[in-house]
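Undergrad: Spelled out from the first residue to the last, the chains are:
There are 2 protein chains.
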Amino acid sequence: MPHPNDPSLRSFIPVDPASDFPIQNLPYGVFSTKAAPAPRVGVAIGDHVLDLAVLEGEGLIDLAPAFDVFAQGSLNAFMALGPKVWSRTRARISELLRHDNPQLRDNKILRASALMPMADTRLHLPIAVAGYTDFYSSKEHATNVGVMFRGKDNALQPNWLHMPIAYNGRASTVVVSGTKVRRPRGQLKPPSAEVPSFGPCKRLDFELEMGVVVGQSSVMGEMLTEKQAEAMIFGFVMLNDWSARDIQQWEYVPLGPFQAKAFATSISPWIVTREALEPFRVQGPVQDPAPLPYLRQTEPNNYDLQLDVALRAAQMNEAANICRTNFRYMYWSSVQQLVHHASSGCAMNVGDLLGSGTISGPDKHQRGSLLEISWNGTEPVELAGGVKRTFLEDGDSLSFHGWCQGDGYRVGFGEVEGTIAPAV
Amino acid sequence: MPHPNDPSLRSFIPVDPASDFPIQNLPYGVFSTKAAPAPRVGVAIGDHVLDLAVLEGEGLIDLAPAFDVFAQGSLNAFMALGPKVWSRTRARISELLRHDNPQLRDNKILRASALMPMADTRLHLPIAVAGYTDFYSSKEHATNVGVMFRGKDNALQPNWLHMPIAYNGRASTVVVSGTKVRRPRGQLKPPSAEVPSFGPCKRLDFELEMGVVVGQSSVMGEMLTEKQAEAMIFGFVMLNDWSARDIQQWEYVPLGPFQAKAFATSISPWIVTREALEPFRVQGPVQDPAPLPYLRQTEPNNYDLQLDVALRAAQMNEAANICRTNFRYMYWSSVQQLVHHASSGCAMNVGDLLGSGTISGPDKHQRGSLLEISWNGTEPVELAGGVKRTFLEDGDSLSFHGWCQGDGYRVGFGEVEGTIAPAV
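Protein chains in written order, with full-length UniProt numbering: chain A, 1 to 424; chain B, 1 to 424.
By construction, these hints were calculated from the structure, which means they are not laboratory data.
Only true hints are included.
The list makes no distinction among identical chains, and a pair is therefore deemed to hold if it is satisfied within one copy or across any two copies.
Pairs of lysine-lysine, DSBU-like flavour, derived with a Cα cap of 35 Å:
no. : residue 1 : residue 2
1   : 84        : 227
2   : 202       : 364
3   : 202       : 139
4   : 202       : 227
5   : 189       : 152
6   : 189       : 139
7   : 227       : 180
8   : 227       : 189
Bound conformation, chain A alone (with noise of 0.2 Å):
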């Protein structure tokens, strides 16, 4: 049988070159239908989902002794079983997919009952968030950063080339592509004001990130070596760390952001596998100094991943480009964060999301936020038709997309895509 991600393959189901959904990628996601709303595991195919409930059901997939795996509302119950059963389990469904198979293809009522237009799903947070962390592992997005606010010669901080810095960030509210986004109160000090003030965020900002998917836990006490803590991951989300500057500001000193990233976290809908991802995997940056033995890896553990952002404002016909730019750059792997994650003895659990951290390049077009895009608010960017931004406005709707471009076929994430609504 041919690996599910030979190049080769094709599905009875015709998809496009530029679908980010091909027999390749199989991603998993949770969705429901209008005819039957309770929500349960899919996986998307072109622009279909294939309900893996009813196969499941119907015996075509077999996860014994587990059951009624996939007629829940997230993948969790799925994930414990563990990445053995998740490679097995993507087999099976690529094997059921296939042209020249014709198990599925050629059974009319299966087909019927397990075959959707994407069109008439709706999409559901795919796993039930047990801890979201944001790390900070571009070295451009922590330069541009550091430099916009210590200036070049201190930009970035003395630990950040030693270790993948990363907060705790609030798993209660990460929803999931589509959901509007209220723009946030909070407490605002601007330098020039005496005493701050309470009312709604004024420097609203997206950051351009991915999202490493747990999906086995680790024991309280224990560290994991590079091949564990690889072997957790269960894949990858486009994930997008809503931020208010200037709630940010003033809160941070000294125990970090709390408020200015609490209010929503917006992630795409479909988990891409790590195995789906396999044929894109790249070194990283050089690292300079060399890590800690801990952080040391003998694999390239990054992915040639491509990212694009579009701004759309309410008066646009047409979302505009505001970045590209590609997952290869982190600085500090995911397999390094996770690592680093457990290092203290921190048990990590079914269903954590790490955040990457913003994704930004060498170039100023690479740029993951509008913070570093506007540098600071002092570069409005021009959209289109005299529409320009420094931060974001009620109303603008701010969506990335990702894929890893294959030779014919695409691994693609879909869109994480969020609306700005006005405060209360």
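Add chain B to chain A, keeping to what the hints say.
TA: For chain B alone, coordinates are given in the frame of chain A:
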């Protein structure tokens, strides 16, 4: 029917006046026994545990339309039922335990199945922790730390008097009293070292805190009023926010503590309800400047709650008291903390745990951490028989006791204890 807080109430189980658990308390916990190892919900009464799953099963406590609420390994399902049910249930338990009520008292078979000596039980983590947030709300603690690290003139950060500063902690490592705490490893870079190294923490500390158990959820995007926040508080536990000072010092700029606080947080097994603490409400310190309107309080939201910290090194026969302070000193109340937490629109969940921040008082013996007690390691504290400490050593056992003193009875929290195990 008398109110369950009535000081004149007596239970048919004899309770020592020095006990933490008279009929005026009735704290909730999760326990199991050798004979029945499935964790379930109970209430502490004197030196006994009352099995609420048995009472619910027998129809003596009616939570309809909910059922099997107490035959569970956490209090989350019960908490989700809301403050009216909490209050009604507590009144019913009080009624069943009263010395003049024969219903349970004289039913030998029921007593044998529903009441057991606490010494024969194992106490578990009482809640499934949804999110863990740690505040920093004692002015004395923040000032002590500030003086140590920044000098007297800049002790308090400019934001401190305007909002309850906090960071998101790690929910996955909240453990119940009695769980061994493994000394964490991490990156250390003493000021004298050129580069960091990785190894066991050398400056391991405790932090004396109270924890708020949030029993209701809030709506994402919406703020809370003082009244709403108060009504969401199910109860309180004692909380030890174990801290690796050397790891923290190197990692915390600019995003706050991460691995330094991620390895363990211990809580006491019994949740004392907010209702049981009502008689001990007191006015907190004067807040000057006056808080912004969203943080203003119309009621006294502090509690007169005495707290003791005892440290016993492996070679000591008896623990030595190293701190005696009071929860009433907290500058920001738990209600203000919760209001601030939701102020950006951050959704709160059933099972959220909010650490108060280290509780120090104005006097030297009221310092709630070894960092303060030993003044950053410069003034070792004498325990007994020549044993001194700056920070915690392997084998040290640390325990908190806390209680509100009524007239002839106590509403207490029992103990939260942790013993340091060596690093792996």
